[in-house]
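Visitor: Here's the letter readout for the chains.
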Amino acid sequence: MWTLFHKFGSPKWFFGIAGRLMPWLLALGLGLLVAGLVWGLAFAPKDYLQGNSYRIIFIHVPSAFLAQSVYLMMAVAAVVTLVWRMKLADLFVQAVAPVGAVLTFLALFTGAVWGKPTWGTWWIWDARLTSMLILLFLYFGAIVLGSAISDEKASARAVAVLILVGVVNIPIIKYSVEWWNTLHQPATFKLTEKPSMPPEMWVPLLLSVLGLYLWFGWLACYRMQTEILRRERRTRWVRELVRAEGH
Amino acid sequence: MTSNAPRAVLADHNVSVGRAMWAVVRRDLRSSFRQRQDLLNPLLFFFMVVTLFPLGVSPEVSFLQQAGTGILWVAALLSTLLSLDHLYRHDFDDGTLEQMVLQPHPLFLLVLAKSLAHWLLTGLPLVILAPVLGIMLHLEGNSIAVLCLTLLIGTPVLSLIGAIGAALTLGLRAGGVLLSLLIIPLYIPVLIFGTGTVAAATEGAAVEGYLALMAAFLVLALTLAPFAGAAALRISLSNS
Amino acid sequence: MAFDSLSAFLTMEGHGSYVWVCYCVFVLLLTALALWSRSRRHAVLREQRRLLELEESGTREQAPAAATFSRIHPS
Numbered sequence: 001m002w003t004l005f006h007k008f009g010s011p012k013w014f015f016g017i018a019g020r021l022m023p024w025l026l027a028l029g030l031g032l033l034v035a036g037l038v039w040g041l042a043f044a045p046k047d048y049l050q051g052n053s054y055r056i057i058f059i060h061v062p063s064a065f066l067a068q069s070v071y072l073m074m075a076v077a078a079v080v081t082l083v084w085r086m087k088l089a090d091l092f093v094q095a096v097a098p099v100g101a102v103l104t105f106l107a108l109f110t111g112a113v114w115g116k117p118t119w120g121t122w123w124i125w126d127a128r129l130t131s132m133l134i135l136l137f138l139y140f141g142a143i144v145l146g147s148a149i150s151d152e153k154a155s156a157r158a159v160a161v162l163i164l165v166g167v168v169n170i171p172i173i174k175y176s177v178e179w180w181n182t183l184h185q186p187a188t189f190k191l192t193e194k195p196s197m198p199p200e201m202w203v204p205l206l207l208s209v210l211g212l213y214l215w216f217g218w219l220a221c222y223r224m225q226t227e228i229l230r231r232e233r234r235t236r237w238v239r240e241l242v243r244a245e246g247h
Numbered sequence: 001m002t003s004n005a006p007r008a009v010l011a012d013h014n015v016s017v018g019r020a021m022w023a024v025v026r027r028d029l030r031s032s033f034r035q036r037q038d039l040l041n042p043l044l045f046f047f048m049v050v051t052l053f054p055l056g057v058s059p060e061v062s063f064l065q066q067a068g069t070g071i072l073w074v075a076a077l078l079s080t081l082l083s084l085d086h087l088y089r090h091d092f093d094d095g096t097l098e099q100m101v102l103q104p105h106p107l108f109l110l111v112l113a114k115s116l117a118h119w120l121l122t123g124l125p126l127v128i129l130a131p132v133l134g135i136m137l138h139l140e141g142n143s144i145a146v147l148c149l150t151l152l153i154g155t156p157v158l159s160l161i162g163a164i165g166a167a168l169t170l171g172l173r174a175g176g177v178l179l180s181l182l183i184i185p186l187y188i189p190v191l192i193f194g195t196g197t198v199a200a201a202t203e204g205a206a207v208e209g210y211l212a213l214m215a216a217f218l219v220l221a222l223t224l225a226p227f228a229g230a231a232a233l234r235i236s237l238s239n240s
Numbered sequence: 001m002a003f004d005s006l007s008a009f010l011t012m013e014g015h016g017s018y019v020w021v022c023y024c025v026f027v028l029l030l031t032a033l034a035l036w037s038r039s040r041r042h043a044v045l046r047e048q049r050r051l052l053e054l055e056e057s058g059t060r061e062q063a064p065a066a067a068t069f070s071r072i073h074p075s
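Residue numbers (this note's numbering), protein chains in the order written: chain R, 1 to 247; chain Y, 1 to 240; chain G, 1 to 75.
Only chain R is shown next, with the shape it has when bound in the complex:
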């Protein structure tokens, strides 16, 4: 069991496995994403309440989903960093944090643009938009703290503590923002909720969610590989790899 654990923790092993997985992740991810988006844009039926503006759902929901689960994944990696000090976990956090921030921004941006035809204004202090905004702040905090501490190990562990504190706070933030929202705006109508979505709508949605997740898997692998190349510069296998790439 421990040898397996060490194997999973070894950057060299990960580099090889990631290299083999990445073409599949990229091809499948892009394929599903394009299929879902084209289906959603051109073939899914019009929504009878919101008209065509609802088509933003096919990018809004995947971005929002992924943005939140990336933070959760980072929290799991943070536990691994703090408890077992596994190199890969902190590589993951460092490689993925900017991607999570961009996805959160995308969810906010598409939410705002969707709000214009639906609510008549760009921004509304809706519970979900507000908690996404706070999630963006949490991402910024993790990125800024990581780059402020120069020592790699200390930086990884400090960021891990911050992420864990953030992840404990996320449910509290969500709950309090929802409570605050009902206090201030008794009747907001929601972006996505519909009693039942017909399959012509939810199947493309599912496809684009899956596609974006796989694409994220590819990008995470790629960025982690880059970090490994940078950090493991002195090991023999990285040297040989660099030499081989050069010729």
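Note that these hints are calculated values from the structure, not bench results. It is possible that part of the hints are untrue.
As the list claims (entries may be wrong) - To be clear about the criterion: a stretch of chain R counts as covered by chain G if any three or more of its residues have a C-beta under 8 Å from a C-beta of chain G, and this derived list gives those stretches:
{"id": "1", "stretch": "38 to 46"}
{"id": "2", "stretch": "49 to 60"}
{"id": "3", "stretch": "105 to 118"}
{"id": "4", "stretch": "225 to 232"}
{"id": "5", "stretch": "235 to 242"}
Yeah, the Cβ is synthetic: ideal placement off N, Cα and C, and Gly gets one too.
Keeping the supplied structure of chain R fixed, place chains Y and G upon it in accordance with the hints.
Guide: Chains Y and G in isolation, oriented as in the chain R frame:
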């Protein structure tokens, strides 16, 4: 002299945990009373920020009554943030902090003691000052009472969470701004419930439930924050 | 196809600009992320190669001493 006596207490293995914590609190209180500026600055800041709102927005009674609790809470939050940078700074600079980490008692208890001292020095004075400002902002008597109660429960949470941020940014350049970036998102629930409770009280609703929820925040912060703060402190000290 | 013509597809009954702006920003940002990661990879590789060449040219000039050094791989 002040720093020598508690240091001796801390280094002694036979000293009980309670005495060690008390020594930390007493030492922090004493050293801030010697440097009164650190003690007064957050209060002055609190006062001035609150003054800006009638000048900047509107001195009308109706506006101030509506926005008053929000203004006071935000100002209290900001002045707590301002004072957090000093929480570990002096001890870090003169090496006392390293000694504290080395002593035999659990580190989280000392973090708790530091947070308590911080609250006594900034949070409690803010609570005491708040009614005066509440009257200047034309808040009603009942609202002021509830506001002070929410501040009394909420400011310790601010100190406890802030201690984590202060430990994480210890010894970094531009630590102050970074500290605000890290901590403000975590302060949002306290702010929402602090002002929300007062708003409910102004409308005549029962506030016991909300106050109980804020108390739950406090208990949660008391039990979890010192551990995170201690972990952060260890990381920052091993780095420097 | 949910639309009758290409122009209907582009305008989407007045909501076209909102939908298309969202999709464009989405594609643009994802592409930017990929390109940024790629340029970072290239920068790292270039730097490593430069360091490697520096070391190797060092070994050629003072062969015996540096040869023993280059065998040390602390990791």
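Visitor: Hints first: check each against the structure and report whether it holds.
Guide: Against the structure, the hints:
1. Check on the stretch 38 to 46 of chain R: 6 of its residues sit with their Cβ under 8 Å from a Cβ of chain G, so the three-residue criterion for coverage holds.
2. Taking a C-beta to C-beta cut-off of 8 Å, the stretch 49 to 60 of chain R contributes 7 residues in contact with chain G, enough for the three needed, and the coverage statement holds.
3. Counting residues of the stretch 105 to 118 of chain R whose beta carbon lies closer than 8 Å to any beta carbon of chain G gives 8, which reaches the threshold of three, so the coverage claim holds.
4. Against chain G, the stretch 225 to 232 of chain R contributes 5 residues with a C-beta closer than 8 Å to a partner C-beta. That satisfies the three-residue criterion, and the hint holds.
5. Coverage of the stretch 235 to 242 of chain R by chain G holds in this model, with 5 residues showing a Cβ closer than 8 Å to a Cβ of that chain against a need of three.
Violated hints: none; the structure is consistent with every hint.
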